[in-house]
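Single-letter residue listing:
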Amino acid sequence: MRLQEYQSKSLFAKHGIPIPQGGVAATPKEARRIAQDRGGAVAVKAQVLVGGRGKAGGVRLADTPAEAEEAAAAILGMQVRELPVRQVLVEEAMNIRQEIYLGTAVDRSIGQAVMMASAEGGVDIERVARDNPKAIKRVVIDPFLGLSNSQALALAKVIGLPDEYHHAFDSVARGLYEVFLAYDALLAEINPLVITGEGELMALDGKVVIDDNALFRHPELAQMRDTSEETPAEREARAADLSYVYLGGEIGCVVNGAGLAMATMDVIKFFGGVPANFLDVGGGTRAEQVAAALHLVLGTPGTEAVLLNIFGGITRCDEVARGVVTALEEIDPCAPLVVRLVGTNESRGREILKDSGYRLIVADTLAEAARQVVAVAEGELEM
Amino acid sequence: MAILVDQDTRLLVQGVTGHEGEFHCGQMIAYGTQVVAGVTPGKGGQWACDGQVPVFDTVEEARAATGANASIVYVPAPSAPDAILEAAAAGISLIVCITEGVPVHDMIRISAHFAQKQVILIGPNCPGILSPSKANVGIIPGHIAIPGPVGIVSRSGTLTYEVIHALTSRGIGQSTCVGIGGDPIVGTSFVEILEMFEEDPSTEQVVLIGEIGGNDEERAAQFIAERVTKPVVAFVAGRTAPPGKRMGHAGAIIEGDSGTAMEKIAAFEAVGVRVAEHPGQVPDLMIH
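As you go down the protein sequences, you meet chains A and B in turn. Okay, so the first sequence: first residue is 1 according to this note's numbering, each after it adds one. Okay, so the second sequence: first residue is 1001 according to this note's numbering, each after it adds one.
A portion of the hints provided could be inaccurate.
Derived lysine to any residue pairs resembling SDA-like cross-links, with alpha carbons at most 25 Å apart [unchecked claim]:
| hint | chain 1 | residue 1 | chain 2 | residue 2 |
| --- | --- | --- | --- | --- |
| 1 | B | LYS1117 | A | GLN112 |
| 2 | B | LYS1117 | A | GLN98 |
| 3 | B | LYS1117 | B | LEU1094 |
| 4 | B | LYS1043 | B | ASP1006 |
| 5 | A | LYS207 | B | ARG1109 |
Each pair of labels, with its calculated beta carbon distance range [to be verified]:
| hint | chain 1 | residue 1 | chain 2 | residue 2 | range |
| --- | --- | --- | --- | --- | --- |
| 6 | A | PHE144 | B | GLY1026 | 32 to 42 Å |
| 7 | B | ASP1050 | A | PRO84 | 56 to 66 Å |
| 8 | A | GLY284 | B | ALA1225 | 52 to 62 Å |
| 9 | A | GLY77 | B | GLY1042 | 48 to 58 Å |
| 10 | B | MET1262 | A | GLY284 | 29 to 39 Å |
| 11 | B | GLY1042 | A | GLY199 | 56 to 66 Å |
| 12 | B | ALA1115 | A | GLY248 | 22 to 32 Å |
| 13 | B | PRO1078 | A | ASP63 | 48 to 58 Å |
Simulated from the structure, these hints should not be mistaken for laboratory data. Virtual Cβ for every residue (Gly too), placed ideally from N, Cα, C.
Isolated chain A, as found in the complex (with noise of 0.2 Å):
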């Protein structure tokens, strides 16, 4: 789960990371009282859950209050990159001298966690990373030991920083560091961490991803989640326990498993078909979460036919069936549906699907099953 930016920056300021004064508006006199509130320049900021929002146009600076109110109205209701912006950030200007990066991430090629530092901040640091993966200075921080100061120290070596500015980025680095350990971040960034013209040094802008399967010991992280960015498909989907992206392509896919689900999406592409999307209706899968999959995925515009393939070993396919069943009764004529059951009470599951007297393409792999249902999606086949 991403935090938005005020989010992260509200976990900072909890552990010691200076950060701009400011709040968050979802109108434009909001946004006015706000820049009032503070006094002299501000900057407004569109909070949304992807990059790019610079280029974009959703930050702005603003000298006085009506300004800033004109800029909240601006950027209120704009989209950054097909996301509506429903909140901004209005917090004081700064005067920057420099921009630094500092991150704490997860490498898994170790199973450890390390802190980057860059004297390149405020660029793309993944372009940095492979461009000149030099300027990046990272360290492995021992679970059991925490970040030293040592460690602090080469960082702020790498990247060039004053003497005068060691004792200040030790701090903020090991803020940094507890805010990752203390809410099972798998990722805490400060991109820019900016020294201000008055000699500070201050995170201007923050993200921090949350581990979702750590939110069942941060009640009070779960209840951040904001879901106002998710599609509604997307919102369906996580109702019904589903892991599921679209990507707009003809044919629709329901598999157990996301390595399976994936190797379906493959197989589709092999044959010449396109997959609409990536659908993992997980383990032990029960009769409603097939139904409310097929019930997505058939609910989809621009959705020619349907492939569903499951492989059986804690999920039983006759249960599987039974889902069909039901989601077929719910959405009666809909589009054609390959079906692919093996495993499991495969026979059993076999046989519901026959007794429906629903017309279904049953097939024996999932090379014929996907063969079938490119014919199909492609006029190729009659049901």
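Since the structure of chain A is provided, determine the placement of chain B on it from the hints.
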């Protein structure tokens, strides 16, 4: 022979009285696996699986009473890290964690701790290990596999079944099938399993099933070039997955340019690994 588990494995089931644990414990016994004990704190002294398995409060007691040498964890995610650490502390040398949804920060601590110990952890979020007709330690449906010379290692669950099924239906049997799990941090990587297959006399060729995200496949390709003499066939899921989209597994996230299917496939092909375009092609690429 096989790797990791066989007829001599004396298995302990952690979370044996839970819904999942008890069901799969029964399945493993029916397959012929020697399940010698179960552990559920607070239920010591009871019997599970229709009186076939004695239940203990702690792993230490269970090991002392039964000589268990491997453990499988079905404990729910919030308690699974503790169960793994308990098994290791009690001297169990092979731990298989089936549980899905273990927080990454717990795995960071476990992997740092295990770096100092002689213990093998498979998983979490994995289907376990199956050595056909010897032992089934996990949730892979036993009936889809037959004994034979092919070692399988995979990051996926049902996709592994798909490949086993494809091989079996062509009469190609397996020495051991290992699901290492799809999470960002797992106990054992492809490289370690490849090393075991290389040393196992009963394994003649290996099938590796990878997916997008991370660089475990790239490291495997390098290891194959340096150390593996047996033929390897690979399949990498996620050619059609767009960059930056999360595809279910916590592990299957493409980070920047690295970790794409195309990059992994190129890494394998560069070292002579034959790569299948879809799972059904895997049997065609085996050396007959």
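52 to 62 Å as the expected CB spacing between ALA1225 of chain B and GLY284 of chain A, which holds or is violated:
Since GLY284 of chain A and ALA1225 of chain B have Cβ atoms about 39 Å apart, the given range 52 to 62 Å is violated.
Tell me if the beta carbons of ASP1050 of chain B and PRO84 of chain A are separated by a distance inside 56 to 66 Å.
For ASP1050 of chain B and PRO84 of chain A the Cβ distance comes to about 58 Å; the hint holds.
Would the pair LYS1117 of chain B and LEU1094 of chain B pass a check requiring their Cα atoms to be no farther apart than 25 Å?
holds (12 Å)
Holds or violated: LYS1117 of chain B and GLN112 of chain A, Cα atoms, limit 25 Å.
Within the cut-off at roughly 17 Å; holds.
Go ahead and decide if the range 29 to 39 Å is satisfied by the Cβ distance of MET1262 of chain B to GLY284 of chain A.
At roughly 33 Å between Cβ atoms, GLY284 of chain A and MET1262 of chain B fall inside 29 to 39 Å, so the hint holds.
Using the Cβ atoms, figure out if ALA1115 of chain B sits within 22 to 32 Å of GLY248 of chain A.
44 Å Cβ-Cβ, so the 22 to 32 Å window is violated.
Can you let me know if the beta-carbon spacing of GLY77 of chain A and GLY1042 of chain B is within 48 to 58 Å?
For GLY77 of chain A and GLY1042 of chain B the Cβ distance comes to about 57 Å; the hint holds.
Run the distance test for LYS1117 of chain B versus GLN98 of chain A: straight-line Cα separation, threshold 25 Å.
Violated - the C-alpha atoms of GLN98 of chain A and LYS1117 of chain B are around 45 Å apart, more than 25 Å.
Between the alpha carbons of LYS1043 of chain B and ASP1006 of chain B, is the straight-line distance 25 Å or under?
violated (29 Å)
At the C-beta level, are PRO1078 of chain B and ASP63 of chain A separated by a distance inside 48 to 58 Å?
Given a distance of about 51 Å, which is inside 48 to 58 Å, the answer is holds.
Checking one constraint from the list: CA of LYS207 of chain A to CA of ARG1109 of chain B, max 25 Å. Satisfied?
Distance ~23 Å between LYS207 of chain A and ARG1109 of chain B Cα, so the pair holds.
Please test the hint of 56 to 66 Å on the beta carbon pair from GLY1042 of chain B and GLY199 of chain A.
For GLY199 of chain A against GLY1042 of chain B, whose Cβ atoms are near 59 Å apart, the range 56 to 66 Å holds.
Consistency note: the structure conflicts with the earlier hints numbered 2, 4, 8, 12.
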